[in-house]
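Chains as they are written, first to last, in my numbering: chain A, 1 to 112; chain B, 1 to 115.
Rather than coming from a laboratory, the hints here were simulated on the basis of the structure. Among these hints, one or two may not hold up.
Quick list of in silico lysine-lysine cross-link-like pairs, DSS-like style, CA-CA up to 27 Å [said to hold, decoys possible]:
1. Lys37/A - Lys100/B
2. Lys57/B - Lys37/A
3. Lys37/A - Lys3/A
4. Lys9/B - Lys40/A
5. Lys57/A - Lys100/B
6. Lys67/A - Lys37/A
Simulated restraints, written as ranges between beta carbons of each label pair [claimed, not checked]:
7. Leu115/B - Glu15/A: 35 to 41 Å
8. Ser52/A - Leu39/B: 30 to 36 Å
9. Thr13/B - Asn75/A: 40 to 46 Å
10. Gly53/A - Ala14/B: 51 to 57 Å
11. Ala14/B - Thr18/A: 46 to 52 Å
12. Arg18/B - Thr44/A: 29 to 35 Å
13. Ser80/B - Lys41/A: 24 to 30 Å
14. Pro8/A - Phe69/B: 39 to 45 Å
15. Leu115/B - Asn75/A: 38 to 44 Å
16. Thr77/A - Arg18/B: 44 to 50 Å
17. Asn22/A - Leu39/B: 19 to 25 Å
18. Ser80/B - Lys68/A: 42 to 48 Å
19. Thr15/B - Asp2/A: 28 to 34 Å
Glycine included, each C-beta is placed from N, C-alpha and C at the ideal position.
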Amino acid sequence: EDKVVQSPLSLVVHEGDTVTLNCSYEVTNFRSLLWYKQEKKAPTFLFMLTSSGIEKKSGRLSSILDKKELFSILNITATQTGDSAVYLCAVPIIQGAQKLVFGQGTRLTINP
Amino acid sequence: DSGVTQTPKHLITATGQRVTLRCSPRSGDLSVYWYQQSLDQGLQFLIQYYNGEERAKGNILERFSAQQFPDLHSELNLSSLELGDSALYFCASSEEAGVKYNEQFFGPGTRLTVL
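Next comes chain B alone, as it looks inside the complex:
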């Protein structure tokens, strides 16, 4: 158990809908990362937050957005869902970010199925 929690574990929804995935980082970690793992694209970095501020953006679609709250939990919002958004979404956390490598601890993931 990494100490990173994600809810829900599974989510099934329809095209065009909007969902919110939630992540609580390890105690003491200020940085949160979101990754998407699909069959054809592998594990891809979406976005990083550090202490409430966005730090880095990867291949995140405009239909997706994220935020990190004062209590350091983070939410990833996916809207206008398409079939291709079906994937495993991982959250990871680390102590700091950006100056030297900080080990990222991965949560168990949320499996999103869009029908």
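Extracted from the complex, chain A is given alone in its bound form:
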């Protein structure tokens, strides 16, 4: 069974701290891994990772994939209160159809 596991499930830090969120996966026919940010409603897309070792960066957020060890990390530097959200990791399963298998999410709270 395809599985995506995130850790930690919850994280509380102070503004300005750097955080690292983890995502491990066990899926057949892996092609890519996605990161989303979910605030109050719909998940919003952050990154898509397909190749090992290549860092994707967007402002203070960055992510990297390790296809040998089957995990990805999402880093957020100089955190701000606006970074408070649930961060979701997902793997697309594509076999004539398409579905996303999500991890449980990491609830990140940034305190001022």
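Could you slot chain B onto chain A? The hints should help.
Chain B in isolation, oriented as in the chain A frame:
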């Protein structure tokens, strides 16, 4: 705004009832996906339709059914509702499906509360 619309935004109903959730995909998208997000299960894939045909099924209960109409909007029907069906239901859409990854755009969700 992703371009995917869902109605209603909130729905409160009683156990045993039946409800219908509606989704309109982004213009040009042929594929529609339904996901359920509950506190204990996280975001789970329910079902996918492509151009009116069912393409993939996830952990969808037999009490739930869906369809995609010729104008490409989709409806998710939930019947014999139980307390545990209370959740956020998301619809997503993408251009195609199944050969290579197509980015899915999520709607704002419908929050269902079963009392």
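Now the hints, each set against the structure:
1. Between Lys37/A and Lys100/B the CA atoms are separated by roughly 23 Å; this keeps the pair inside 27 Å, and the hint holds.
2. Using a Cα cut-off of 27 Å, the hinted pair Lys57/B and Lys37/A holds, with the two alpha carbons roughly 25 Å apart.
3. A C-alpha spacing of about 19 Å is found between Lys37/A and Lys3/A, which places the hinted pair at or below 27 Å, so the restraint holds.
4. With a C-alpha separation of about 13 Å, the suggested pairing of Lys9/B with Lys40/A holds against the 27 Å cut-off.
5. With a CA separation close to 24 Å, the supplied pair Lys57/A and Lys100/B stays within the 27 Å bound.
6. Restraint check for Lys67/A and Lys37/A: the C-alpha separation of about 22 Å stays at or below 27 Å, so the hint holds.
7. For Leu115/B paired with Glu15/A, a C-beta distance near 39 Å keeps the hint of 35 to 41 Å intact.
8. For the pair Ser52/A and Leu39/B, the beta carbons lie near 34 Å from each other, so the given range of 30 to 36 Å is met.
9. Range check, Thr13/B to Asn75/A: Cβ separation about 42 Å, and the 40 to 46 Å hint holds.
10. Between Gly53/A and Ala14/B the beta carbon distance is about 53 Å. The supplied range of 51 to 57 Å therefore holds.
11. For Ala14/B and Thr18/A, the hinted distance range of 46 to 52 Å is satisfied, since their beta carbons lie about 48 Å from each other.
12. The beta-carbon spacing between Arg18/B and Thr44/A, approximately 32 Å, falls within the hinted interval of 29 to 35 Å.
13. In this structure, Ser80/B and Lys41/A meet the distance hint of 24 to 30 Å, their C-beta atoms being roughly 27 Å apart.
14. With their beta carbons about 42 Å apart, Pro8/A and Phe69/B fall inside the hinted range of 39 to 45 Å.
15. For Leu115/B and Asn75/A, the Cβ-Cβ distance of about 42 Å falls inside the hinted range of 38 to 44 Å, so the restraint holds.
16. The supplied range of 44 to 50 Å is met by Thr77/A and Arg18/B, whose beta-carbon atoms lie about 49 Å from each other.
17. For Asn22/A and Leu39/B, the hinted distance range of 19 to 25 Å is satisfied, since their beta carbons lie about 21 Å from each other.
18. Taken as a hint, the range 42 to 48 Å holds for the pair Ser80/B and Lys68/A, whose Cβ atoms sit roughly 47 Å apart.
19. Taking 28 to 34 Å as the suggested C-beta distance range, the pair Thr15/B and Asp2/A conforms, at roughly 32 Å.
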